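Student: Using the sequences plus the hints, can you model the full thing?
What follows is each chain in one-letter form.
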Amino acid sequence: MVTPAAPPDLAVRVGTVSLKNPVLSASGTFGYGLEFAPFYDISRLGAVIVKGLSLLPSPGNAPQRIVETAAGMLNAIGLQNIGVERFVAEVAPRLEEAGAVFVANIYGRTVDEYEAVARRLSDLPALAAIELNASCPNVKEGGILFGSSPHGLSGLTRRVRAATAKPLWVKLSPNVADIGSMARSAEDAGADAVSLINTIVGMAVDHKTRRPRLANVTGGLSGPAIKPVALRMVWEACRAVKIPVIGIGGIQTAEDALEFLLVGAAAVQVGTANFRNPNACVEIIDGIRDFLVREKISRLEEYRGGLLS
Amino acid sequence: MVTPAAPPDLAVRVGTVSLKNPVLSASGTFGYGLEFAPFYDISRLGAVIVKGLSLLPSPGNAPQRIVETAAGMLNAIGLQNIGVERFVAEVAPRLEEAGAVFVANIYGRTVDEYEAVARRLSDLPALAAIELNASCPNVKEGGILFGSSPHGLSGLTRRVRAATAKPLWVKLSPNVADIGSMARSAEDAGADAVSLINTIVGMAVDHKTRRPRLANVTGGLSGPAIKPVALRMVWEACRAVKIPVIGIGGIQTAEDALEFLLVGAAAVQVGTANFRNPNACVEIIDGIRDFLVREKISRLEEYRGGLLS
Amino acid sequence: MPSKRPRFVGGKILRNTGHGIFYRMEVAVPDRVEFVPGQFAMVSGWPGNDPLLPRPLAIFRAGGARGTGTVEFVYKVVGRGTALLSGLHEGDPLSITLPLGHGFELGAADRAWWLVGGGVGFSTVFPAGAALSEGRGDFEMFLGARTRDQLPPREWIPGGNLPGRVHLCTDDGTAGYFGPVGDAVRERLDGLKASERGRLTILACGPREMLRGISESALARDVPMQVSLENHMACGFGVCWGCVTAVREGEKSAYRRVCKEGPVFDAREIVW
Amino acid sequence: MPSKRPRFVGGKILRNTGHGIFYRMEVAVPDRVEFVPGQFAMVSGWPGNDPLLPRPLAIFRAGGARGTGTVEFVYKVVGRGTALLSGLHEGDPLSITLPLGHGFELGAADRAWWLVGGGVGFSTVFPAGAALSEGRGDFEMFLGARTRDQLPPREWIPGGNLPGRVHLCTDDGTAGYFGPVGDAVRERLDGLKASERGRLTILACGPREMLRGISESALARDVPMQVSLENHMACGFGVCWGCVTAVREGEKSAYRRVCKEGPVFDAREIVW
Ligand SMILES: Cc1cc2nc3c(=O)[nH]c(=O)nc-3n(C[C@H](O)[C@H](O)[C@H](O)COP(=O)(O)OP(=O)(O)OC[C@H]3O[C@@H](n4cnc5c(N)ncnc54)[C@H](O)[C@@H]3O)c2cc1C
Ligand SMILES: Cc1cc2nc3c(=O)[nH]c(=O)nc-3n(C[C@H](O)[C@H](O)[C@H](O)COP(=O)(O)OP(=O)(O)OC[C@H]3O[C@@H](n4cnc5c(N)ncnc54)[C@H](O)[C@@H]3O)c2cc1C
Ligand SMILES: Cc1cc2nc3c(=O)[nH]c(=O)nc-3n(C[C@H](O)[C@H](O)[C@H](O)COP(=O)(O)O)c2cc1C
Ligand SMILES: Cc1cc2nc3c(=O)[nH]c(=O)nc-3n(C[C@H](O)[C@H](O)[C@H](O)COP(=O)(O)O)c2cc1C
Ligand code: FES
Ligand code: FES
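Protein chains in written order, with the working numbering: chain A, 1 to 309; chain B, 1001 to 1309; chain C, 2001 to 2272; chain D, 3001 to 3272.
In short, the hints are calculated from the structure, not lab data.
Predicted model, so just to flag it, every value in this text is computed and none were measured.
Each hint should be verified, as a subset may be incorrect.
Far from chain C, by Cβ distances over 10 Å, these chain A residues were calculated [to be verified]: (1) D9; (2) A11; (3) L19; (4) L55; (5) R109; (6) S122; (7) L124; (8) R159; (9) D188; (10) D206; (11) G264; (12) T272; (13) Y303.
Pairs of lysine-lysine, DSS-like flavour, derived with a Cα cap of 30 Å [to be verified]: (14) D:K3012 <-> C:K2076; (15) D:K3260 <-> D:K3012; (16) A:K208 <-> C:K2076; (17) B:K1242 <-> B:K1208; (18) B:K1020 <-> B:K1296; (19) B:K1208 <-> D:K3076; (20) D:K3076 <-> D:K3012; (21) A:K242 <-> B:K1208; (22) D:K3012 <-> C:K2012; (23) A:K296 <-> D:K3076.
All C-beta atoms, glycine included, are put in the ideal place defined by N, C-alpha and C.
Tutor: Have a look at this one:
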């Protein structure tokens, strides 16, 4: 008689945060999380990371905000959001009710604003972590100033670190020469984890009308097109720091997610893939489980970081 | 009676170099040029830019050297080449014979080597320009050291500038935080033009075998996937410098080429597109001409740099 | 159970045939589809990641029973995605998220309705016509196209066999009214008595310029109007904030999502 | 004029049908195709840029006349590109660069030939068999597969109807020789007289491990052998240097392009 094998253990830890699986929704591609309730039970995710929050509600950029590119897309949403107060009052309770582990992605135009948002969120007992968006390319003040030099990044991180007791994840910009040193700055300044990559700055124009396709002229490139760049940067960051690295960029399938885990990511975030397939995140979770079963690996931790050379 | 309109004038100037049209083949994707003779008359191109040349022949990296990615590919050829002596002796005369305008792309492990290659090529009367590859991500010494900081780049450019009287084009790496300041360094150090982008560093792994797909682990990403990033960087470089900017990255069609010309590029280079369609370059030339005819534009120069906002 | 909650389903093409410049595609889906006229679907049906994003298409018709549904789309080839769709064969798979967005509000039965479709915009208003037909609502159709061949086939038009119900308009005068459909609407509006105008609601879908023009005519005459807008979309279900359009909000304006708060908006709200 | 210079042509699919695990595709091209057995084509036939690169496929057969050529490929679905090819229909367009690479050297007519194909590798050696058949060359076939169903259809095999000419081998013993085709070749080699070995040349295509094994057996017995290698390719015509394999060059080794100096190499040269 063959006893059925126990299902593989997908649990991961991102610093002090324990997650039932390594699949998180990427900020800005998952609304406030509740929009996915018609499709599946969002408590199935490792965590839900909500749309970037600012101190005050923000109207965002003028349309056109998105353009499709080869195997990718550019966006220049400009961080349209309801502001931290409405999030705390209206959204957080419903996420808690839904049983979701959730993380707030934050940004500010100034360091003071970052601090204020972080402080306001610290009161939420159910919030698992704060992800500091030090890298939005689409608002002039959206952190790119802080996110493109090790010095700016460590200053920002230190201040926000001091403002909250919540685990602090710092989201890195790929628009830098050396991602490893950026990751180290965040680590040195007290980040509990780094997540990367945010979008790569890109542009699209219409050769007939002779105009930029985005009202904002430039936007952030995401999707499968950027996966090779993201994977390389995640691998470099994993070698540069001791804190956990969360891998993001072009993940569409379980195989993609496994690649990031293989090079050392503690967890992954799924962004643009949610648009074409609202079930992408749960299909990825199921696919990782199936892979571990097929390969007879009982714990994801045995696989993670196991790149051979 | 309608007199047929004169065919539009596609001629462009890259500094002192006059080209019959703006379409050049990108280094490393066009062999030594002669390989394309079965497909078309290579004298039809604005210019042929040959595979990167080093002082001595170079064996290149171990296979696997290429991997396909979403709408792109990674390569880690490692600059396998026949060396500058054989190029001068065997290839250059045949390119001249074929009537091709040709440019040599060069790299060295040290500044001395760069200088020596440039000097050796300066004797070739038919050589139109030297393109300094300050940015190959696939050989440790291939310029990435010089190409990732404004300081390194200007030092290298200055030295090579002094070593040759040929027009000097400096090819920039996209793996930097601020492409504008890199372009300015090259300009200040005496470059006659900058060309960009080279490939973006990326990586691919096999989640089953748990190994990198490239023997070199990382490689350079090219193809349509990078076009939005390339276009943005070319646009930024055009605003940063007065010298001509040559646009490269993901150009597959006449429309793509027109986009780069629209944001201000003096000319474009076509790389990866040659692989899927050996006739890509001439189809792009024809496509640009057809567009100008349709839009009743008599000279490409009237269109170039005409981005509206 | 049939449900109006959006779902992501795998479909299989039953028919995909050309009719003049339009294609009509019928797709088998796992369950009955219920929808409000004006709602749409996000459709993708090609392997690989280029094109990457699904395409929004109005739900033209839908039905079926428990465990076996069908949905129909009508589309025009304008670019890569629609060209790929047009090349699909019977039996090919399709991924569909539906039903999406806020549709037309058909409200009280005693009203009169004008349904205006410009170009392929008819595909969004015909389902409203079909619903009104069922309820024996009092409606007329205004359909605009560049030329005769670009009008929808007569048999697709709800009430298309009833005299006086359908007003065709062509820019080149090859069929019906000679001129833009907006002009036809405005002229007819001016011919109405105040009491007739009081009962009237206009529903419209088509090029933004057409909608703006008609909405000016309608609002100036106090005729309520609902417009179905288009915009580039990444998700189609409200999570990317990519598809916004500016709407009036008191004194100010704000960006609302075409895919969620729209595609159908009260014409008074729109900042054109 | 028919030419062996490589060309980039637009083709139109005439037939694309499954035969067990293999597909055979016939394509109409603008002109007669002449090729050397072992030469290949770079094929792409999908819209969009994902997959990006064309796929190398051996030219299985080709012909035609001035202004109307045909070319045939035999392939197995192993990944995205071949899956896309298998879904193409009659009339669909295909982009092809051909003929490419250095093929088999069939040389003197008085030699005996063994043609060895492992897996779908038969598609590369069959054209050599067909050429030898025409010249009434003295050849035998060794074909290896995992199991019976994965052998090529009998009617595709050059000389397949001649007794004693074809040696089938299966890993699971369901047809012919029970074991790897390399073992069968080695055993037969050992059974040959020195004079027979002296006349023999082996041509082989298949998995690298198989080729390495057979080449050891052959070279140890002084039997010349030509191997057709595979590697990932971007261009297929010698300009990207992506497809190299290590070959001996005097005391040292160097990287040669599989698409240009190969795919067919003298087995003595290869650094396995
Ligand atoms: C709610 C809604 C309902 C629609 N219903 C229909 C319908 O029933 N029948 C029909 O033929 N068309 C309809 N459209 C328009 C249809 O979505 C576009 O024609 C289609 O997306 C074009 O895709 P493409 O790849 O062929 O064109 P491309 O120009 O190659 O597309 C490039 C990108 O732009 C987007 N895009 C281009 N034009 C439009 C547009 N007009 N609206 C939205 N996105 C666009 C594409 O989705 C894609 O992301 C609808 C649009 C919306 C928003
Ligand atoms: C000279 C030559 C002749 C060939 N002739 C035939 C033939 O007649 N019939 C046949 O079925 N196959 C043949 N092959 C193998 C065929 O090219 C691969 O099976 C095919 O490229 C796989 O593509 P895919 O997209 O289905 O697989 P994927 O694994 O999805 O392809 C990913 C990438 O890897 C490359 N790749 C994967 N496997 C191979 C391989 N074995 N060789 C080269 N590139 C590979 C692909 O071209 C693509 O760039 C030949 C290969 C070469 C080099
Ligand atoms: C439409 C859109 C909106 C985004 N908004 C945010 C945001 O608010 N905050 C943030 O940190 N990242 C934002 N991102 C970046 C994603 O979280 C992610 O880092 C990036 O898209 C790369 O992952 P992907 O390729 O899986 O999409 C956004 C991305 C997209 C496509
Ligand atoms: C296979 C390959 C080899 C290359 N070799 C060189 C080289 O030798 N020197 C160089 O400056 N750039 C080299 N490049 C970079 C290209 O010239 C070009 O900058 C880059 O590929 C982006 O353009 P594309 O997207 O059109 O390919 C190489 C690119 C590829 C794909
Ligand atoms: S398309 Fe994503 S919010 Fe509307
Ligand atoms: S595939 Fe490009 S050189 Fe061989």
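Student: Does the claim that D188 of chain A lies outside the interface with chain C hold up, using a Cβ gap greater than 10 Å?
Tutor: Non-interface label stands for D188 of chain A: nearest chain C Cβ at 34 Å, farther than 10 Å.
Student: Mind checking the alpha carbons of K1242 of chain B and K1208 of chain B for me, to see if they're no more than 30 Å apart?
Tutor: violated, 50 Å
Student: Take a quick look at D206 of chain A and tell me if its Cβ sits farther than 10 Å from every Cβ on chain C, holds or violated.
Tutor: holds, 12 Å
Student: Assess, step by step, whether the Cα of K1208 of chain B is no farther than 30 Å from the Cα of K3076 of chain D, and give holds or violated.
Tutor: holds, 21 Å
Student: Minimum C-beta separation from T272 of chain A to chain C exceeding 10 Å: can you confirm that?
Tutor: violated, 7 Å
Student: Over 10 Å to the closest beta carbon of chain C is the bar; see if S122 of chain A clears it.
Tutor: Holds, because the least Cβ-Cβ distance between S122 of chain A and chain C comes to about 26 Å, which exceeds 10 Å.
Student: Checking one constraint from the list: CA of K3260 of chain D to CA of K3012 of chain D, max 30 Å. Satisfied?
Tutor: holds, 26 Å
Student: Does the structure keep K1020 of chain B and K1296 of chain B at a Cα separation of 30 Å or less?
Tutor: Holds, at about 19 Å.
Student: Checking the smallest CB distance to chain C, is G264 of chain A really beyond 10 Å?
Tutor: holds, 25 Å
Student: If we take the beta carbon of Y303 of chain A, is the closest beta carbon in chain C still more than 10 Å away?
Tutor: Holds: least Cβ distance 25 Å, greater than 10 Å.
Student: Tell me if the straight-line CA distance from K296 of chain A to K3076 of chain D falls inside 30 Å.
Tutor: Given that 30 Å is the threshold and the Cα spacing comes to 29 Å, the pair holds.
Student: Verify that the Cβ of L124 of chain A lies farther than 10 Å from every Cβ atom of chain C, and report whether the claim holds or is violated.
Tutor: L124 of chain A is indeed farther than 10 Å from all Cβ atoms of chain C, at 21 Å.
When held up to the earlier numbered hints, the structure conflicts with 12 and 17 and fits the remainder.
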